[in-house]
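Asker: As a plain string of letters, each chain reads:
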Amino acid sequence: MGELKKLKEVVLIDDCEADNFLHSLVIEGTGLVEKVTVFDWAIDALEYFKSPTPPEVDLIFLDINMPRMDGFQFLEEFKKLEFLPKPFVLIMLTTSILEGDKQKFQELGGKEYLGKPLTEETFLDIVAKLQSDQA
Amino acid sequence: MANLLVHPPLRTKVSLLVIVLTVLVASIITTWIFQQFDKELVARKSDQLSTDNLIVETQIKVHLEEIGQNVLAFAGMPPVREIIRESRNPGTETAESDGKAQLEAIFLQLLKSKTNYLQARLIGVEDSGKELVRVDRPGTPGKARVVPDAELQSKGGTEYFKNAAIIKKGEVSFSNFELNRENGAISKPVIPVVRASTPIFDDNDEFFGIIIINVNVDELFHSLSRLGRESHQLYITNARGDYLFHPDSHKAFGFEFGTPFTIQDEFPKWITLGNNGNRDQAIRFTRSSSKEPYLGYWRRYNFDTHSSDKALIFATSDTLTSVLEESRTVKREAIPIIIMILLVAIAIGLVFASWIARPISEIHHAMKLYRETNEVPKLPVTNSWDEAGQLAFTFSSLVKEINARNLELSETNRELERFAYMTSHDLQEPLRTITSYVSVLDKNYRDSLDPKAQKCLEFITSSATRMQALIQDLLALTKLGNSKIEFVETPLETLVDEILEDLSAMIGQRNARVTYTSLPVLECDPAQMRQLFQNLIVNALKYQKPDVTPEITLLATPGDKEWRLSIADNGIGIDKQYSDQIFDVFRRLHRKEEYSGTGVGLAICKRIVNLHGGRIWVESEPGKGSTFHFTIPTPPVR
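Protein chains in written order, with this note's numbering: chain U, 1 to 135; chain F, 1001 to 1638.
Be careful, since some hints might not be right.
[Claimed, not checked] Simulated pairs of lysine-lysine, DSSO-like, Cα-Cα distance not exceeding 30 angstroms:
no., chain 1, residue 1, chain 2, residue 2
1, F, 1452, U, 35
2, U, 8, U, 116
3, F, 1452, U, 116
4, F, 1452, U, 8
5, F, 1112, F, 1100
6, U, 116, F, 1455
7, F, 1561, U, 6
8, U, 80, F, 1251
9, U, 6, F, 1310
10, F, 1100, F, 1169
11, F, 1331, F, 1061
12, F, 1251, F, 1114
13, U, 50, F, 1114
14, U, 102, F, 1310
15, F, 1269, F, 1310
16, U, 102, U, 6
17, F, 1452, U, 5
18, F, 1576, U, 79
To be clear, the hints were calculated from the coordinates, so they are not data collected in a lab.
Everything numeric in this text was worked out from a predicted model, so none of it was measured.
Generate coordinates for the entire structure from the input sequences, incorporating the hints supplied.
Answerer: Shown next, in the form of structure tokens:
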């Protein structure tokens, strides 16, 4: 594993404010990300991606269980977007690992399916995998 | 009642089946037997009528033959031969050989001995058929006398003379049956007569004249009519169908008076003239004037071989009513017996039906008792091996199995509840330690922490607080599982007032208005009811739209065997798809940052309502408000 490149932007979507705070702390702590954007509502995140000049997002962390619009609903809407952020990699974060959910997530184009909380090692692994795939 | 008619009990069904079958079989057999019986009666009557008819024919035949024999006997007598000789050789008569006087004496003797003989004559062909000898009974009818020569008439033009003149020697010609006439007029009282005549010839076989006898047949007809059974009717007609004899005497010989009565007019469906009558059996027919059915037999008898017109029709009949009289008597006697048999059969059917239905009914009662008291019932027919016995056996094992499983389940349930209780209880201990230390950190070291660390501390505090609330609610929920309901008369108005007092800070803070109109006094567990109302009111206060004054209304509606209580708000409402899920544990529709809560409150409400034997549900429209309804049965279900 060589030197890891710095990521431009990572988006966190989770209704739990505490988790979002913790995850952003963990990600920022690695020093590999220029910008961490946090959304408490999936619908707000969707609006963010809908902007005419879509952000260059490298990674999206998505929670499944959220009120109003859950992770899967978000995914379906997200895939309909005209200007998809390139490249985008979806990571699902959840408190409960369910096989059915995992399969559904992968069918919808998700990459990793992980349990909460996100740790520094996990994040580094993901970034390493991402960059080796791109190379 | 209507249900009973559509789905009658088993016993009624079997009884009905037995009754219907019995009545059906009894009526088929009875009808068949009665029909056969009627057929038999008709056949027997047919035989009787035919026999009667044959007797009548035979009697008439014998009678007419006897008359014919007499006529023939006279034709060959010496006085007749003498008269012929004297006539052919005039002037040879002597005192000893006076044929005329001798014949007159013989005829007189005949009429004296046979009272139904009216006239005996010898008529010669000469002198336009002059009567040569005549003995008669003038009057009504009177004494026999020899007619003096002065009164003798010429009869050459008569029908009977002409008929007798053309037949062979030794043959007899009969006239039609007519009414007796004297000097051309019908004599009174009327007398039906028949004439028998035979030609006589001289030694050269030359036609000389005829011997003729008039016979009164009135007595004969009447004696014939008395031969048959009393209910039988006898009719005698000539070849044209004119009545010669009729039970109604004025119809006989009507043609002689210009008012003909014929049998084909009276019974158009019976007799066809020209036909020889039916020789096998009686036929059914009706009179032209009424619908009454008759049974009758008739035959035609040609009494003079020289003319086919000289015939008599004998008809004997009886009404079908009288034929079937015997059958009716038997029916009258049989019907009470049949009814008795039917009643006995129905009674047996009823006993049989209840015998079949009883075990099933007993099983039903036993199972009902089981449902009400939960006691293992004693099923009465477990030792019998018919279907009911098998049913009882199956039920019995089912009940045992259910009881065993129930016991197992309640044991597991109790253990689970104990486990949940102990767990939540034991979780509080370390949690308290965490909150204590966090509060120490917050108080004493907050200023030495950077903003991110402070935020971490805040998250720890709020999570710990939330966990405390969660554990408390879970404890409350598990406690409900363990508790028994204490039913107490509880005035709900007082209860709600106390809750509003407790919540006054929250109500005041939100500037909410909570109103109610006359709440009932309910038999319920006051502590649980308090929690129920409190949770629902708190929810109504909590899930409000910003910038809207919360309006909460409590309403009680009496129903059939229950009270319905409703708590309505003007809050954010709930989407219809969630209206069932919200009563499940940990089901939340909102982020905790938006609306605080543990997700246990409504689960507790549902548990309490269920423990009281009621139902809970929500009616809501998102954005307009929700109304939570629950029912409490009255009297309470213990």
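Asker: None of the hints should be skipped; say for each whether it holds.
Answerer: Now the hints, each set against the structure:
{"no.": "1", "hint": "F:1452 - U:35", "verdict": "17 angstroms, holds"}
{"no.": "2", "hint": "U:8 - U:116", "verdict": "23 angstroms, holds"}
{"no.": "3", "hint": "F:1452 - U:116", "verdict": "20 angstroms, holds"}
{"no.": "4", "hint": "F:1452 - U:8", "verdict": "23 angstroms, holds"}
{"no.": "5", "hint": "F:1112 - F:1100", "verdict": "18 angstroms, holds"}
{"no.": "6", "hint": "U:116 - F:1455", "verdict": "20 angstroms, holds"}
{"no.": "7", "hint": "F:1561 - U:6", "verdict": "72 angstroms, violated"}
{"no.": "8", "hint": "U:80 - F:1251", "verdict": "119 angstroms, violated"}
{"no.": "9", "hint": "U:6 - F:1310", "verdict": "150 angstroms, violated"}
{"no.": "10", "hint": "F:1100 - F:1169", "verdict": "21 angstroms, holds"}
{"no.": "11", "hint": "F:1331 - F:1061", "verdict": "42 angstroms, violated"}
{"no.": "12", "hint": "F:1251 - F:1114", "verdict": "28 angstroms, holds"}
{"no.": "13", "hint": "U:50 - F:1114", "verdict": "149 angstroms, violated"}
{"no.": "14", "hint": "U:102 - F:1310", "verdict": "125 angstroms, violated"}
{"no.": "15", "hint": "F:1269 - F:1310", "verdict": "24 angstroms, holds"}
{"no.": "16", "hint": "U:102 - U:6", "verdict": "28 angstroms, holds"}
{"no.": "17", "hint": "F:1452 - U:5", "verdict": "26 angstroms, holds"}
{"no.": "18", "hint": "F:1576 - U:79", "verdict": "28 angstroms, holds"}
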